[in-house]
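Number of protein chains: 2
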Amino acid sequence: MTFETVSTNRSHGGTQGVYKHASSATGTEMTFSVFVPDHAPGTKLPVVWYLSGLTCTHANVTDKGEFRAICAELGIIFVAPDTSPRGEGVADDADAAYDFGLGAGFYVNATQEPFAAHYRMRDYIEQELPALVAANFPVDMARQGITGHSMGGHGALTIALRNPDRFKSTSAFAPIVSPTNCPWGHKALGGYLGDDRAGWAEYDACALIEGGARLPDLLVDQGDADNFLVEQLKPELLQAACDAAGQKLTLRMQPGYDHSYYFISTFMADHLRWHAERLG
Amino acid sequence: MTFETVSTNRSHGGTQGVYKHASSATGTEMTFSVFVPDHAPGTKLPVVWYLSGLTCTHANVTDKGEFRAICAELGIIFVAPDTSPRGEGVADDADAAYDFGLGAGFYVNATQEPFAAHYRMRDYIEQELPALVAANFPVDMARQGITGHSMGGHGALTIALRNPDRFKSTSAFAPIVSPTNCPWGHKALGGYLGDDRAGWAEYDACALIEGGARLPDLLVDQGDADNFLVEQLKPELLQAACDAAGQKLTLRMQPGYDHSYYFISTFMADHLRWHAERLG
Chain A
1 MTFETVSTNR SHGGTQGVYK HASSATGTEM TFSVFVPDHA PGTKLPVVWY LSGLTCTHAN
61 VTDKGEFRAI CAELGIIFVA PDTSPRGEGV ADDADAAYDF GLGAGFYVNA TQEPFAAHYR
121 MRDYIEQELP ALVAANFPVD MARQGITGHS MGGHGALTIA LRNPDRFKST SAFAPIVSPT
181 NCPWGHKALG GYLGDDRAGW AEYDACALIE GGARLPDLLV DQGDADNFLV EQLKPELLQA
241 ACDAAGQKLT LRMQPGYDHS YYFISTFMAD HLRWHAERLG
Chain B
1 MTFETVSTNR SHGGTQGVYK HASSATGTEM TFSVFVPDHA PGTKLPVVWY LSGLTCTHAN
61 VTDKGEFRAI CAELGIIFVA PDTSPRGEGV ADDADAAYDF GLGAGFYVNA TQEPFAAHYR
121 MRDYIEQELP ALVAANFPVD MARQGITGHS MGGHGALTIA LRNPDRFKST SAFAPIVSPT
181 NCPWGHKALG GYLGDDRAGW AEYDACALIE GGARLPDLLV DQGDADNFLV EQLKPELLQA
241 ACDAAGQKLT LRMQPGYDHS YYFISTFMAD HLRWHAERLG
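Which chain is which? The protein sequence lines are A and B, in order.
Taking the numbering used here, the leading residue of the first sequence gets 1, the next gets one more, and so forth.
Taking the numbering used here, the leading residue of the second sequence gets 1, the next gets one more, and so forth.
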């Protein structure tokens with residue numbers, strides 16, 4: 001498992017790095033970013049995984065997420081992967097739409113051609129990248145948290161719900177809470193997994209909770225001026241699923257906030273403090 | 001003096017706006033951004049002007065500057081203009097180089113053709129934009145500070161030194177302190193102002209200080225891993241000019257930091273606190 005350093009920059013009393021490697025999960029080169037606060041030699045730090053939304057690479061949150069100051073203060077490593085495989089030979093949406101294909105991997109293992117060859121973001125985020133990060137960065141893998149935005153909020157919730165032993169803390173910014181119940185999800189899960197919806201449930205946070213998956217608690221922030229709120233995001237479905245299941249959830253509607261990094265960056269420090277309390 | 005709203009987004013308990021207007025100074029359309037923290041109706045807030053460096057528009061600091069949280073905390077309005085005129089008919093560097101022409105106005109009023117027609121960034125920043133902002137935003141023009149990065153640090157220092165009554169606080173990130181004494185400056189001032197260096201002094205912070213200009217104090221942060229430190233930025237020239245003149249200067253060399261927004265964003269909150277102390 002080798003990787004290559006694309007860049008490192010000193011920032012906020014730590015090192016912001018960008019790295020790339022040949023991924024066996026996706027069969028492509030994958031790029032990710034890691035922020036490591038200064039720390040005593042030999043010590044290991046808790047890690048928060050941040051999964052990005054549609055159209056993003058690692059770069060969007062790395063540029064606009066405003067996570068470094070608070071990560072340095074709290075002593076948290078912050079990892080930001082890409083959102084899909086990329087490169088020659090990687091299939092895209094037939095119309096190159098923003099909501100499927102490149103930049104829109106939805107954190108699933110695709111079963112449908114021509115996507116099954118490379119779109120294996122579930123394996124990448126659940127297996128390959130954690131192993132690579134654990135082997136090469138000073139992370140305490142017993143103290144992991146996960147968060148994400150929109151499609152990445154969907155990724156964070158579903159990955160944590162399927163792997164409750166791995167994560168001590170889970171939060172999301174404006175997540176897609178039930179791809180089974182929104183147009184983005186219909187297109188993505190239909191395209192990657194096929195029309196048999198039985199296979200969709202493991203990629204639907206509400207369905208996972210309804211099926212018995214549990215986490216200690218969840219934090220979700222959602223802007224009430226978000227253009228995607230009503231048709232795609234539907235936090236009320238997550239609230240209902242959590243209420244019915246007795247799953248603890250803090251859902252905060254944020255007045256006036258939209259779906260952009262202006263929203264994410266505003267509540268990033270809150271989320272990281274919340275993770276730090278649970279990661280110890 | 002009319003202007004048009006390009007976008008507004010709620011962020012960090014305030015409003016981040018982007019605006020454009022037909023500039024009489026440059027004869028072009030100009031775009032700028034303004035962050036206004038929430039405030040009591042009818043109150044006016046101090047304002048800090050941020051001048052960007054080579055290649056930038058208003059967007060770089062607006063995306064990456066990490067100023068909103070601290071501006072909201074301190075109650076400061078933050079204005080970020082563009083770095084040059086743009087659009088059809090605006091002359092560029094003959095080779096489209098990054099260090100002259102578009103994105104590189106150097107905050108001067110050009111006297112040389114073909115630049116004199118539009119490259120009037122001094123008038124724009126000193127006269128036209130302040131009048132527009134004062135008329136349309138809740139700014140207390142008796143409480144203005146100015147800062148900037150690299151070419152914009154040069155802009156901030158020279159504009160403040162020429163207008164000491166306007167600014168209560170002046171700082172800079174990795175500024176060009178003496179364009180008369182570096183390649184970027186030779187190219188820019190030669191190209192915009194011509195070869196007669198007598199006309200350059202009013203655009204050279206060190207020369208202005210040597211010529212008697214004074215400010216209450218100056219704060220400058222400079223990364224010691226900045227690729228442009230030795231050949232272009234030369235903070236030792238500013239230190240020497242200030243020492244010789246008795247001009248108060250806090251010059252902080254920041255170990256390991258480079259010339260990027262990773263550096264700027266790290267020290268942005270420090271600078272804004274420093275401005276707030278002086279703006280009241």
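The set of hints was computed from the structure by calculation and includes no laboratory data.
Treat the hints loosely; a few may be bogus.
Claimed, not checked - One side only, chain A facing chain B, incomplete, derived with CB under 8 Å: (1) ALA225; (2) ASN227; (3) GLN239; (4) TYR262.
Where is the CB? At the ideal position from N, CA and C, for every residue including glycine.
Checked hints:
| no. | hint | result |
| --- | --- | --- |
| 1 | ALA225 | 7 Å, holds |
| 2 | ASN227 | 12 Å, violated |
| 3 | GLN239 | 23 Å, violated |
| 4 | TYR262 | 4 Å, holds |
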